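J.: Use these hints to put chain X with the ligands onto chain L, whose structure you have.
Protein chains: 2
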Amino acid sequence: VRMSAGVEWAVHCCVVISQADEPVSAQKLAEFHGVSRTYLAKSLQALSRAGIVRTTEGRAGGYVLALAAGDITVLDIVQAVDGSDPAFRCTEIRQNGPFGAPAEQCTTPCGVAVVMASAERAWRESLRAVSVADLAGHVAKVTDVARQRAVRDWLSSSAD
Amino acid sequence: VRMSAGVEWAVHCCVVISQADEPVSAQKLAEFHGVSRTYLAKSLQALSRAGIVRTTEGRAGGYVLALAAGDITVLDIVQAVDGSDPAFRCTEIRQNGPFGAPAEQCTTPCGVAVVMASAERAWRESLRAVSVADLAGHVAKVTDVARQRAVRDWLSSSAD
Ligand code: FES
Ligand code: FES
Numbered sequence: 020v021r022m023s024a025g026v027e028w029a030v031h032c033c034v035v036i037s038q039a040d041e042p043v044s045a046q047k048l049a050e051f052h053g054v055s056r057t058y059l060a061k062s063l064q065a066l067s068r069a070g071i072v073r074t075t076e077g078r079a080g081g082y083v084l085a086l087a088a089g090d091i092t093v094l095d096i097v098q099a100v101d102g103s104d105p106a107f108r109c110t111e112i113r114q115n116g117p118f119g120a121p122a123e124q125c126t127t128p129c130g131v132a133v134v135m136a137s138a139e140r141a142w143r144e145s146l147r148a149v150s151v152a153d154l155a156g157h158v159a160k161v162t163d164v165a166r167q168r169a170v171r172d173w174l175s176s177s178a179d
Numbered sequence: 020v021r022m023s024a025g026v027e028w029a030v031h032c033c034v035v036i037s038q039a040d041e042p043v044s045a046q047k048l049a050e051f052h053g054v055s056r057t058y059l060a061k062s063l064q065a066l067s068r069a070g071i072v073r074t075t076e077g078r079a080g081g082y083v084l085a086l087a088a089g090d091i092t093v094l095d096i097v098q099a100v101d102g103s104d105p106a107f108r109c110t111e112i113r114q115n116g117p118f119g120a121p122a123e124q125c126t127t128p129c130g131v132a133v134v135m136a137s138a139e140r141a142w143r144e145s146l147r148a149v150s151v152a153d154l155a156g157h158v159a160k161v162t163d164v165a166r167q168r169a170v171r172d173w174l175s176s177s178a179d
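Protein sequences, first through last, are from chains L and X.
Under the UniProt record's numbering, the first residue of the first sequence is numbered 20, with each subsequent residue one higher.
Under the UniProt record's numbering, the first residue of the second sequence is numbered 20, with each subsequent residue one higher.
The following block holds chain L by itself, in its conformation from the complex:
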């Protein structure tokens, strides 16, 4: 059970984009996080496809959030990058073998699958409880104002 590295990048990108005064270019996001632009592109595309960020056109074009930062949860980002398939997949082995349950008795999920699904629900609910705005608020609290200003200026500067 392993999340892809793109999840860390994607969450950090959303937080940075939410803090910027202007659209942020892919190049700035890659530099800011010290990540290859090629690798990051995949995460940004996943965020775009999921309707979490969108690109603006023009000379100062770049990424903006497509929704309010308070309406984007960590779960949304994780699922945009890693998909929303359950981690546990029941292959109905209870139907196999000499004592296999007939399919018509298997209309409700196996008890094992129920336990796994309930654990994944707890995981999702935990990630759904935190938004990009919450994370940005946390960053703002631990970063002094001059530095926040400097970051915003650097993100907005057209040199890239």
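It should be emphasised that the hints constitute simulated quantities derived from the structure, not laboratory data.
These figures come from a predicted structure and were not determined experimentally.
One should not assume that every hint holds.
When chains are identical, the list treats them as one kind, so a pair holds in a single copy or across two.
Claimed, not checked - SDA-like mimics (lysine to any residue), calculated; alpha carbons at most 25 Å apart, straight line:
{"no.": "1", "residue 1": "Lys61", "residue 2": "Ala106"}
{"no.": "2", "residue 1": "Lys160", "residue 2": "Arg108"}
{"no.": "3", "residue 1": "Lys160", "residue 2": "Asp101"}
{"no.": "4", "residue 1": "Lys61", "residue 2": "Gly119"}
{"no.": "5", "residue 1": "Lys160", "residue 2": "Tyr58"}
T.: Just chain X with the ligands now, with coordinates in the frame of chain L:
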């Protein structure tokens, strides 16, 4: 984020072993679940290594639980098969780039990593709340007594 198929087999095997009167051979476990013995061997080895099952020697040799069924949680089995590494790995990208935080300011985990860790804790706690005995109790409740007896007899029969 995907669990290996061996998790489903391993949990079902532990439940079956807990229901048997005698040690259960690997061959019986494979047949019972309609799974290749070669594939299943890997899961059974993982359970052995984790101290969840052990093998008994002799003509009627096979697998028994190494602990009371009530003391083996679903989490124990999942971690035996899939490992206990966290799904999310923070690569400290906050330390990268022109505004990277110096390492000495990063003695506590990043807010993003904290959220991920807390979700994984919720997942683990959910899986830790259910034991093999709980699952076996559920199976016993939905299976009539004659059938339970037939399963136990088949598991104990030496033909294999
Ligand atoms: S049959 Fe799939 S988890 Fe039990
Ligand atoms: S630096 Fe790794 S999650 Fe933030």
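J.: All hints, please: hold or fail.
T.: Going through the hints against the structure:
1. Taking the closest pair of Cα atoms, Lys61 and Ala106 come within 25 Å of each other both inside a single copy (22 Å) and across two copies (20 Å).
2. Proximity of Lys160 to Arg108 under the C-alpha cut-off of 25 Å is restricted to the inter-copy arrangement: shortest distance 24 Å between copies versus 41 Å within a copy.
3. Within a single copy, Lys160 and Asp101 get their C-alpha atoms no closer than 29 Å, and across copies no closer than 38 Å, so neither meets the 25 Å cut-off.
4. Proximity of Lys61 and Gly119 under a CA criterion of 25 Å is satisfied inter-copy only: 22 Å between copies versus 44 Å inside one chain copy.
5. In this assembly of identical chains, the alpha carbons of Lys160 and Tyr58 never lie at most 25 Å apart, being 30 Å within a copy and 51 Å across copies at closest.
The structure does not agree with the numbered hints 3 and 5 stated previously, though it agrees with the rest.
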